[in-house]
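Student: Chains as they are written, first to last, in our numbering: chain A, 1 to 389; chain B, 1 to 389; chain C, 1 to 389.
Because the hints were derived from the structure by calculation, they are not lab data. Worth double-checking, as some hints may not be accurate.
[Stated by the list, open to error] Straight-line C-alpha distance at most 30 Å; calculated BS3-like pairs for lysine-lysine:
1. B:Lys385 - B:Lys56
2. B:Lys52 - A:Lys52
3. C:Lys56 - A:Lys386
4. A:Lys382 - A:Lys6
5. A:Lys203 - A:Lys70
6. C:Lys70 - A:Lys70
7. C:Lys70 - C:Lys56
8. C:Lys382 - A:Lys385
9. B:Lys385 - C:Lys56
10. A:Lys56 - C:Lys385
11. A:Lys385 - A:Lys56
12. B:Lys386 - A:Lys386
13. B:Lys56 - C:Lys386
14. B:Lys52 - B:Lys6
15. A:Lys386 - B:Lys385
16. C:Lys33 - C:Lys386
17. A:Lys56 - B:Lys52
18. A:Lys386 - C:Lys382
19. A:Lys56 - B:Lys6
[Unchecked claim] Chain C regions said to be covered by chain A (calculated; three or more residues, Cβ under 8 Å):
20. 53-61
21. 112-119
All C-beta atoms in this analysis are idealised placements derived from N, C-alpha and C, irrespective of residue type, glycine included.
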Amino acid sequence: MNDNLKRQLNELAREPNPLFRQDFLLTWEHDLKAFESVLRTAEILKSMHQQKLSAKMFDSGLAISIFRDKSTRTRFSFASAADYLGLSVQDVDEQKTQISHGETVRETANMISFLAEVIGIRDDMYLGEGDRYQREVQQAVRYGYQNGILHQQPTIINLQSDLDHPTQTLADLAKLRDYFGSLEALRGKKLAMTWAYSPSYGKPLSVPQGIIALMTRLGMEVTLAYPEGYDLLPDIVDQSKQSAQKSGGQFQVVHDMEEAFQNADVVYPKSWASFRVMEQRRDMLHAGNQEGLKQLEADCLAENARQVHWECNRAMMDATRDGQALYMHCLPADITGVNCQNGEVSTEVFDQYMPHTYHQAGFKPFVIAAMMVLSKIENPGKRLKKRCE
Amino acid sequence: MNDNLKRQLNELAREPNPLFRQDFLLTWEHDLKAFESVLRTAEILKSMHQQKLSAKMFDSGLAISIFRDKSTRTRFSFASAADYLGLSVQDVDEQKTQISHGETVRETANMISFLAEVIGIRDDMYLGEGDRYQREVQQAVRYGYQNGILHQQPTIINLQSDLDHPTQTLADLAKLRDYFGSLEALRGKKLAMTWAYSPSYGKPLSVPQGIIALMTRLGMEVTLAYPEGYDLLPDIVDQSKQSAQKSGGQFQVVHDMEEAFQNADVVYPKSWASFRVMEQRRDMLHAGNQEGLKQLEADCLAENARQVHWECNRAMMDATRDGQALYMHCLPADITGVNCQNGEVSTEVFDQYMPHTYHQAGFKPFVIAAMMVLSKIENPGKRLKKRCE
Amino acid sequence: MNDNLKRQLNELAREPNPLFRQDFLLTWEHDLKAFESVLRTAEILKSMHQQKLSAKMFDSGLAISIFRDKSTRTRFSFASAADYLGLSVQDVDEQKTQISHGETVRETANMISFLAEVIGIRDDMYLGEGDRYQREVQQAVRYGYQNGILHQQPTIINLQSDLDHPTQTLADLAKLRDYFGSLEALRGKKLAMTWAYSPSYGKPLSVPQGIIALMTRLGMEVTLAYPEGYDLLPDIVDQSKQSAQKSGGQFQVVHDMEEAFQNADVVYPKSWASFRVMEQRRDMLHAGNQEGLKQLEADCLAENARQVHWECNRAMMDATRDGQALYMHCLPADITGVNCQNGEVSTEVFDQYMPHTYHQAGFKPFVIAAMMVLSKIENPGKRLKKRCE
Numbered sequence: 001m002n003d004n005l006k007r008q009l010n011e012l013a014r015e016p017n018p019l020f021r022q023d024f025l026l027t028w029e030h031d032l033k034a035f036e037s038v039l040r041t042a043e044i045l046k047s048m049h050q051q052k053l054s055a056k057m058f059d060s061g062l063a064i065s066i067f068r069d070k071s072t073r074t075r076f077s078f079a080s081a082a083d084y085l086g087l088s089v090q091d092v093d094e095q096k097t098q099i100s101h102g103e104t105v106r107e108t109a110n111m112i113s114f115l116a117e118v119i120g121i122r123d124d125m126y127l128g129e130g131d132r133y134q135r136e137v138q139q140a141v142r143y144g145y146q147n148g149i150l151h152q153q154p155t156i157i158n159l160q161s162d163l164d165h166p167t168q169t170l171a172d173l174a175k176l177r178d179y180f181g182s183l184e185a186l187r188g189k190k191l192a193m194t195w196a197y198s199p200s201y202g203k204p205l206s207v208p209q210g211i212i213a214l215m216t217r218l219g220m221e222v223t224l225a226y227p228e229g230y231d232l233l234p235d236i237v238d239q240s241k242q243s244a245q246k247s248g249g250q251f252q253v254v255h256d257m258e259e260a261f262q263n264a265d266v267v268y269p270k271s272w273a274s275f276r277v278m279e280q281r282r283d284m285l286h287a288g289n290q291e292g293l294k295q296l297e298a299d300c301l302a303e304n305a306r307q308v309h310w311e312c313n314r315a316m317m318d319a320t321r322d323g324q325a326l327y328m329h330c331l332p333a334d335i336t337g338v339n340c341q342n343g344e345v346s347t348e349v350f351d352q353y354m355p356h357t358y359h360q361a362g363f364k365p366f367v368i369a370a371m372m373v374l375s376k377i378e379n380p381g382k383r384l385k386k387r388c389e
Numbered sequence: 001m002n003d004n005l006k007r008q009l010n011e012l013a014r015e016p017n018p019l020f021r022q023d024f025l026l027t028w029e030h031d032l033k034a035f036e037s038v039l040r041t042a043e044i045l046k047s048m049h050q051q052k053l054s055a056k057m058f059d060s061g062l063a064i065s066i067f068r069d070k071s072t073r074t075r076f077s078f079a080s081a082a083d084y085l086g087l088s089v090q091d092v093d094e095q096k097t098q099i100s101h102g103e104t105v106r107e108t109a110n111m112i113s114f115l116a117e118v119i120g121i122r123d124d125m126y127l128g129e130g131d132r133y134q135r136e137v138q139q140a141v142r143y144g145y146q147n148g149i150l151h152q153q154p155t156i157i158n159l160q161s162d163l164d165h166p167t168q169t170l171a172d173l174a175k176l177r178d179y180f181g182s183l184e185a186l187r188g189k190k191l192a193m194t195w196a197y198s199p200s201y202g203k204p205l206s207v208p209q210g211i212i213a214l215m216t217r218l219g220m221e222v223t224l225a226y227p228e229g230y231d232l233l234p235d236i237v238d239q240s241k242q243s244a245q246k247s248g249g250q251f252q253v254v255h256d257m258e259e260a261f262q263n264a265d266v267v268y269p270k271s272w273a274s275f276r277v278m279e280q281r282r283d284m285l286h287a288g289n290q291e292g293l294k295q296l297e298a299d300c301l302a303e304n305a306r307q308v309h310w311e312c313n314r315a316m317m318d319a320t321r322d323g324q325a326l327y328m329h330c331l332p333a334d335i336t337g338v339n340c341q342n343g344e345v346s347t348e349v350f351d352q353y354m355p356h357t358y359h360q361a362g363f364k365p366f367v368i369a370a371m372m373v374l375s376k377i378e379n380p381g382k383r384l385k386k387r388c389e
Numbered sequence: 001m002n003d004n005l006k007r008q009l010n011e012l013a014r015e016p017n018p019l020f021r022q023d024f025l026l027t028w029e030h031d032l033k034a035f036e037s038v039l040r041t042a043e044i045l046k047s048m049h050q051q052k053l054s055a056k057m058f059d060s061g062l063a064i065s066i067f068r069d070k071s072t073r074t075r076f077s078f079a080s081a082a083d084y085l086g087l088s089v090q091d092v093d094e095q096k097t098q099i100s101h102g103e104t105v106r107e108t109a110n111m112i113s114f115l116a117e118v119i120g121i122r123d124d125m126y127l128g129e130g131d132r133y134q135r136e137v138q139q140a141v142r143y144g145y146q147n148g149i150l151h152q153q154p155t156i157i158n159l160q161s162d163l164d165h166p167t168q169t170l171a172d173l174a175k176l177r178d179y180f181g182s183l184e185a186l187r188g189k190k191l192a193m194t195w196a197y198s199p200s201y202g203k204p205l206s207v208p209q210g211i212i213a214l215m216t217r218l219g220m221e222v223t224l225a226y227p228e229g230y231d232l233l234p235d236i237v238d239q240s241k242q243s244a245q246k247s248g249g250q251f252q253v254v255h256d257m258e259e260a261f262q263n264a265d266v267v268y269p270k271s272w273a274s275f276r277v278m279e280q281r282r283d284m285l286h287a288g289n290q291e292g293l294k295q296l297e298a299d300c301l302a303e304n305a306r307q308v309h310w311e312c313n314r315a316m317m318d319a320t321r322d323g324q325a326l327y328m329h330c331l332p333a334d335i336t337g338v339n340c341q342n343g344e345v346s347t348e349v350f351d352q353y354m355p356h357t358y359h360q361a362g363f364k365p366f367v368i369a370a371m372m373v374l375s376k377i378e379n380p381g382k383r384l385k386k387r388c389e
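Just chain A, with the same shape it has in the complex (with noise of 0.2 Å):
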């Protein structure tokens, strides 16, 4: 173990717990000492790993994921986090399930939750739907925990819901801490996170809305950039406003890419659909308006390619600070060129920065795994340090 592990484990188990019996669904209801936890824990974990060390925490245990999208990276990092911690992870597999045969939401989540510490959950499909779906778990296993059904109450973690994706948006600050140094080094700087180009529709607006809410708490410029009409919940937009008045940041909304991009320290350009699209889209798929939702599938990529130049390039880039700004993504990204012929980012850029998305794509498994651990354990300093010596 070396010296600043020590001291980070030190100061872990001097520190409150604010994330102890805690779920985590939404940053917006945890506060900034909930963030430094997870960051502070995430980096001793990625510390203890890269050294070799076990953080087995866990003497068994089912981590069970449900997933309602497709997933690689989530998928994997919440694998690599419980597995890392002595858990196994069971997949929620919907077809395999008799889900479909009438159980209902309660029921399911305490049948499989007996020996269970942690579910995480990614339903981001449908808007309005994704965050009530994991409140309804989250109520589920209350239930069955005050109730003496279960022994245990299973933590709950958003993988990505319709309105935020925590366990991204926090690596994403991990990556920047490490990037400018400190948290504090954060305040000032300008981050624009902006709509891009894509082949594809129907993006969730889950990073976009967790990241102008998580950014400009914390003292961040934000910078929000979209084509007219593409539009994120206004009452997060609304929030990030406040947030921003809070910190001592800044936060607006623009219309034009470039000029989100002047004098940027961090770029972060996504495509994502717009709110009403997502709505319209929803209630097609629950009525199984399959007409509808090719025609609404046509006309949104007629519309998205009226926006081809949104696209983040040597150009774009020069137009940041010192044209030198952090090119940040949550991959995958559209690549003009390698996944498509018009994209998000153009190839030069992606790759220029590719070891800085892999590596901030590389927080997220230590993220997952500091929730986990924060929920679990009262003073997961004190266990942590007993591991590594």
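Given chain A's structure and the hints, the job is docking chains B and C onto it.
Tutor: This is chains B and C only, laid out in the frame that chain A set:
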């Protein structure tokens, strides 16, 4: 470790283990001593889990599950049991394997078992086949072990067949013991195992068959009730009669739900298909007779629809002893007004007993773990005591 | 720990480890020392398992499998090996991941590997592509490790490619060593690697290619036999000729099954497609040429049907040395009268050698575990000895 747990462990350590090196396919292949060992071991493991004590009996090894039908609670119960004991779950996904490429059961069973400790199998779709398949696997691994191909013989656990569902019925028995205080207290208690209306058709017979076969052996007064035509396998009905005679219990068949509920201490209302329908269905499935299957389903649903009054509601419950019988269900239930228009049980009754049915389900992972432990370890009492010290 | 195991562990501890930090893609990229290390380590692990000794070398970490073709024994062998060493298996299900959403191989490989120790890949469907894909993954994780993205470089293990199937052929070699007493005893033994009739078409070439490439290096007299037109990749055939010359063995190609069986000590009759067919098939698959594929299959099956006499039956076996050659197969075999009307082998011969083919398969989990251990641990002899004390 609390005193009750210590006492239980000492008793288990003193007793002979009737299940050492035994598979668990049908309750009627085992004697009452075996059930007592399973229930005691399950109770110990449940207490240990509640007291956050480790029950890691295995350092490595696979627990293989083969699900030929959808499953949530049994799948997760099996996975939880395996994980708690230190085994890793591997599911045989028949879509992803080469079984369709012409492997024989003997071959597959050996090929997956080189490092397997346990194989759990659900195969309840085809009357006359599920149990046979489990025995084929049993023979196969016995061959492998006897011929020096396998270093160990994996224990076969029936996770539901066409005949029996022992992990369910022993969990049910654990619930009854818990509810009434002891197995002895079950003598003379009246249990009504009744058919109930469901808008689906073709549900397996294994639960009602398993319940009448098991509970008649414990001196209970078992009434089996169903509309004319919804017979169970005659062999199992006959055997239940004989068991009741031997145990000093009673067994009768009636064709009226209310009659069965009269003064019952326990009611278990649940839909199933008649075995004659299951036979026709099996033959049509084998013949790929899609037209026939559609017609059979239509006929059965029409027949079912005449039995919509077989619903467990407040009025029915009022007929039971003091109107307060214990309502049991293996879940998921078809609940009127929740997941269907008319179902097996009214919302009111289901909600009233929800903590009980959930609690009932909570025994299953520990019953399965008990079967694993007893089969694999000669004196599990001694071994588990060490884990608690 | 018995004496033989102790002796083997001491020898392993003394030897240099030629596979430390090495991937295992093709046998011809490794020298004989490497095979000896794999076989010795596999034997040690097999003995340890038989003696119920723990071989937990890892406290945590993922063993990732990517199966681009169906698999039972390799899937379970990989899972068993990983579990025995303390790694958790995570399967990349390309349906459930975002790979179809445009991720590059480089990206996916890194995203899943943050806590991965091993990646096993089966990709044998497309001639000229399986090996290339494995090397892409290899390059990707090397990039990740060198750029500080991954804390460790996961070992790539070929679980079958278009070129070779090293975990199979080394398990085969382990069986041969066990059967004949030593590797030295294989010198001059005659092995017939022959095509055999199967009612299916398009089986991979990796096993026959891997067998001739490997066994010629051990001084065996290898005869490759197939009907005109069912050629293997010319490069590998040429290389096998040269290997035989170097090793003092022999290599010849004939077009008559019986001729190949003459005085053979070992026969390995197995169906495959010619590489020309595999090339056409690949191109048609890529072009989505369904009509062409149907026609190709029909043509091949018609062509196959003319070769129905290439069956390993008693009469054929009578031609071998004393009529008692060892019959080998990688399983599953097409057995006449069992899973097809006419197949690769008669029931009589298959049944006679069943314990041998099953035993042969039983080496695979330990060969895979040996590859993992040798690649990850500089001196596994020392480490495993500690586990046995």
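Student: Run the distance test for lysine 56 of chain C versus lysine 386 of chain A: straight-line Cα separation, threshold 30 Å.
Tutor: holds, 21 Å
Student: Given the hinted pair lysine 70 of chain C and lysine 70 of chain A, is their Cα-Cα distance within 30 Å?
Tutor: Holds, at roughly 21 Å.
Student: Verify the proposed pairing of lysine 56 of chain A with lysine 385 of chain C, using a straight-line Cα cut of 30 Å.
Tutor: Holds, at roughly 23 Å.
Student: So if I understand the rule, the pair passes when the alpha-carbon distance is 30 Å or less; does lysine 386 of chain B with lysine 386 of chain A pass?
Tutor: holds, 23 Å
Student: Straight-line Cα separation of lysine 382 of chain C and lysine 385 of chain A no greater than 30 Å?
Tutor: With a Cα-Cα distance of about 28 Å, the restraint between lysine 382 of chain C and lysine 385 of chain A holds, given a limit of 30 Å.
Student: When you check the alpha-carbon spacing of lysine 385 of chain A and lysine 56 of chain A, does it fall within 30 Å?
Tutor: holds, 12 Å
Student: So if I understand the rule, the pair passes when the alpha-carbon distance is 30 Å or less; does lysine 386 of chain A with lysine 382 of chain C pass?
Tutor: Status holds; Cα separation ~26 Å.
Student: Would the hint linking lysine 382 of chain A and lysine 6 of chain A be met if the CA-CA limit is 30 Å?
Tutor: At roughly 11 Å apart (the allowed maximum being 30 Å), lysine 6 of chain A and lysine 382 of chain A satisfy the hint.
Student: Given the proposed pairing of lysine 385 of chain B with lysine 56 of chain B, does the C-alpha separation stay at or below 30 Å?
Tutor: Measuring from Cα to Cα gives roughly 12 Å; hence the hint holds.
Student: For lysine 386 of chain A and lysine 385 of chain B, compute the direct alpha-carbon distance and say whether it is at most 30 Å.
Tutor: Roughly 25 Å separates the two Cα atoms, so the pair holds.
Student: Within a Cα-Cα threshold of 30 Å, do lysine 33 of chain C and lysine 386 of chain C meet the stated pairing?
Tutor: holds, 24 Å
Student: Count residues of the region 53-61 of chain C with a Cβ under 8 Å from any Cβ of chain A, then say if the count reaches three.
Tutor: holds (count 3)
Hint compliance for this structure: every hint is met.
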